[in-house]
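Chains as they are written, first to last, in the numbering used here: chain V, 16 to 393; chain P, 16 to 393.
These are computed hints drawn from the structure, not numbers from a lab. Model, not experiment: these values are computed from the prediction. Virtual Cβ for every residue (Gly too), placed ideally from N, Cα, C. Check before you lean on any hint, since a few could be wrong.
Partial list, derived from the structure: chain P residues whose beta carbon lies under 10 Å from chain V [as the list claims (entries may be wrong)]:
hint, residue
1, Leu287
2, Met310
3, Leu312
2 protein chains.
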Amino acid sequence: MKTGSCRICPDNFIRLRNMPSAFPVISTQVVVAAFPVGMVKASDMTVVQTALPPLADGQVLIETEYLSLDPAIRYWLNPTDTYVPGAKIGEPVRCFAAGRISASQHPDFVVGDVCSGLLNAQSHVIFDVIESAKIGMGLTRCDLGLGPLSQHLGVLGMPGMTAYFGLLERGKPVAGNSVFVSAASGTVGATVGQIAKLKGCRVVGSAGSAEKCRWLVEEMGFDAAFDYKSESAAVALKRLQPNGVDVYFDNVGGDTLDGVLLNLARGARVVLCGALSMYNTQCHEGGNAGLRNYMKLIMARATMNGIVVFDFFPQWPQATAEIAGWLKSGQLHAAEHIEVGIEKFPQALVALFAGAHKGKQLVQVVPNQRAPGLAAAT
Amino acid sequence: MKTGSCRICPDNFIRLRNMPSAFPVISTQVVVAAFPVGMVKASDMTVVQTALPPLADGQVLIETEYLSLDPAIRYWLNPTDTYVPGAKIGEPVRCFAAGRISASQHPDFVVGDVCSGLLNAQSHVIFDVIESAKIGMGLTRCDLGLGPLSQHLGVLGMPGMTAYFGLLERGKPVAGNSVFVSAASGTVGATVGQIAKLKGCRVVGSAGSAEKCRWLVEEMGFDAAFDYKSESAAVALKRLQPNGVDVYFDNVGGDTLDGVLLNLARGARVVLCGALSMYNTQCHEGGNAGLRNYMKLIMARATMNGIVVFDFFPQWPQATAEIAGWLKSGQLHAAEHIEVGIEKFPQALVALFAGAHKGKQLVQVVPNQRAPGLAAAT
Chain V
16 MKTGSCRICP DNFIRLRNMP SAFPVISTQV VVAAFPVGMV KASDMTVVQT
66 ALPPLADGQV LIETEYLSLD PAIRYWLNPT DTYVPGAKIG EPVRCFAAGR
116 ISASQHPDFV VGDVCSGLLN AQSHVIFDVI ESAKIGMGLT RCDLGLGPLS
166 QHLGVLGMPG MTAYFGLLER GKPVAGNSVF VSAASGTVGA TVGQIAKLKG
216 CRVVGSAGSA EKCRWLVEEM GFDAAFDYKS ESAAVALKRL QPNGVDVYFD
266 NVGGDTLDGV LLNLARGARV VLCGALSMYN TQCHEGGNAG LRNYMKLIMA
316 RATMNGIVVF DFFPQWPQAT AEIAGWLKSG QLHAAEHIEV GIEKFPQALV
366 ALFAGAHKGK QLVQVVPNQR APGLAAAT
Chain P
16 MKTGSCRICP DNFIRLRNMP SAFPVISTQV VVAAFPVGMV KASDMTVVQT
66 ALPPLADGQV LIETEYLSLD PAIRYWLNPT DTYVPGAKIG EPVRCFAAGR
116 ISASQHPDFV VGDVCSGLLN AQSHVIFDVI ESAKIGMGLT RCDLGLGPLS
166 QHLGVLGMPG MTAYFGLLER GKPVAGNSVF VSAASGTVGA TVGQIAKLKG
216 CRVVGSAGSA EKCRWLVEEM GFDAAFDYKS ESAAVALKRL QPNGVDVYFD
266 NVGGDTLDGV LLNLARGARV VLCGALSMYN TQCHEGGNAG LRNYMKLIMA
316 RATMNGIVVF DFFPQWPQAT AEIAGWLKSG QLHAAEHIEV GIEKFPQALV
366 ALFAGAHKGK QLVQVVPNQR APGLAAAT
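This is chain V alone, in the form it adopts within the complex (with noise of 0.2 Å):
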């Protein structure tokens, strides 16, 4: 079992050297059951299992071993057609997750490489390396001695990412910056603010209760937190940050977005990631409450633009080994929650938008629900 075993799992690794004979693999697969209207259920999607087809040209097969829940996912869960394809009923919802090969008809990929990308929720796929590439929605190899799997979906990955090149790229902190940042207590926003902490600015996050707010200050080292539900971003930053926010991290959109409008110092930048508050009720074009005081940039002499992640795809690896670097040196800290078994992926979708956790929230697919299809063919 030495020789060719794998961490993730290896039992699984000694089966799959026989692939691609053990074609057809069925697929357990969590699947768009209809367009979500307002906050998204779980009853918007299905498990079902589908045989995958053989492996064309260009294609890998990927078991995958941890589904990535973020905002994002209510966002793609919409039929039109944005910087990726729209929903489509009856498949698999759009995520990222990440896995091991198992079988490959790519080049540069061999079985039991270590990949993350936007997989799916599935526990098998067939992953189309050259098209996805075209796209800029390519594989990405993930290195385990950076960090365990879990994490490159998270600090590692893609909303480690968007936390990185968000701050960095877009907000361009300096030291003695004031840093705000939204929904601060999930992977994006816990990261950003600990980056900007490194970069020696005074962090205010954000978060939905009290206890998340105690846990960005005492364990995440904000400078300070304020519950949303029970003081308004306006308020409280004339509190918190009262010579005015110099970098604003957008997750939420809104209210809050409309109360840091009311509160930027000269010059400030805000960056927008995500708008948590609006995703499920009024994710379509036009259908929010608007922003208000937008008018405000201009006596600011600020700036707002966006963050879209995989632009920086070329600069995500110097950007994991400095990440890795300080999680290792114990200067920046990863929290997740793991649900178990692929199923779990609707409530847990949910319970995303619910507030439920702090930090990086998973689905693990557990190795006996990952292949039944093929364990029967073997």
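We have chain V; now place chain P onto it with these hints.
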């Protein structure tokens, strides 16, 4: 009369050589009678005569020749402090004006100098050069060799500078870009569009009548124009700039800005200059309907920021020289509409927001109205 004569008003100059012995000077002033609620009304202003005190050190006395009508006046009529102090009942309406120095207690200015600045709606003004310079609102010397005095309030003055720096420094157009400007028949808009054409861009403007649209295309050289009263920006831009807007110079806010956000080209720059659509009805904090599509900035990798023309004050001379060159070569056209008589100021301001005229709108302070007190005293 040859020596010491004044091309603006020869009579006046002779008379004013006797200053400051002629104090007290009586100034005819258009003062704030009420803070406007909704659309500004002529009755929000009243004309009074006020005796001015003697000049103190650092001050100059200026006789105004032209009062400038600009959308920002509506904003400045609110009692809230912004980048300038809020309006006060009984004080002259804040506006740009141009005129001639008729007495000076400041070493850098002598009687006869022609200047513009925030001189407000009055025939005579005591202007504190030192205090005003401290807040970046200094006096600008008008070089009549560049163009007639009225143009120093238009294309060679604040609106021209707003267009020049807003477009070039914030919008950063490059040849081949699609540029859209709203309120294009105003001074700022018409200048933005013409400069963008000089830079090799394809330029579309919006205005409030078919006649204004005709004028933009046939006389100002725009590639296309549409009447926002009969077609929304969201729809018109899909037709007129189908590859998206690279630079949007926003003079109006509201639905037009929201419509542009649906039509951004990748990497677009949105330059916030004003919000004509909101100045009157929804000027107060949080009072407007709100910007609904701002999240489109993320997908478009677009940036939104504002232009505060005073920030470029040190660079005005270089910009006015360049604009004067374009005027002289016929590459840039400056339209004007002038009402004669300071008492016309309130109704001219109302007409500005009603969109009654094209180009720069001015009130000329006629000499026999300018110094009734002074005339009696000499």
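Taking the hints in turn, this is what the structure says about them:
no., hint, verdict
1, Leu287, "holds, 5 Å"
2, Met310, "holds, 6 Å"
3, Leu312, "holds, 5 Å"
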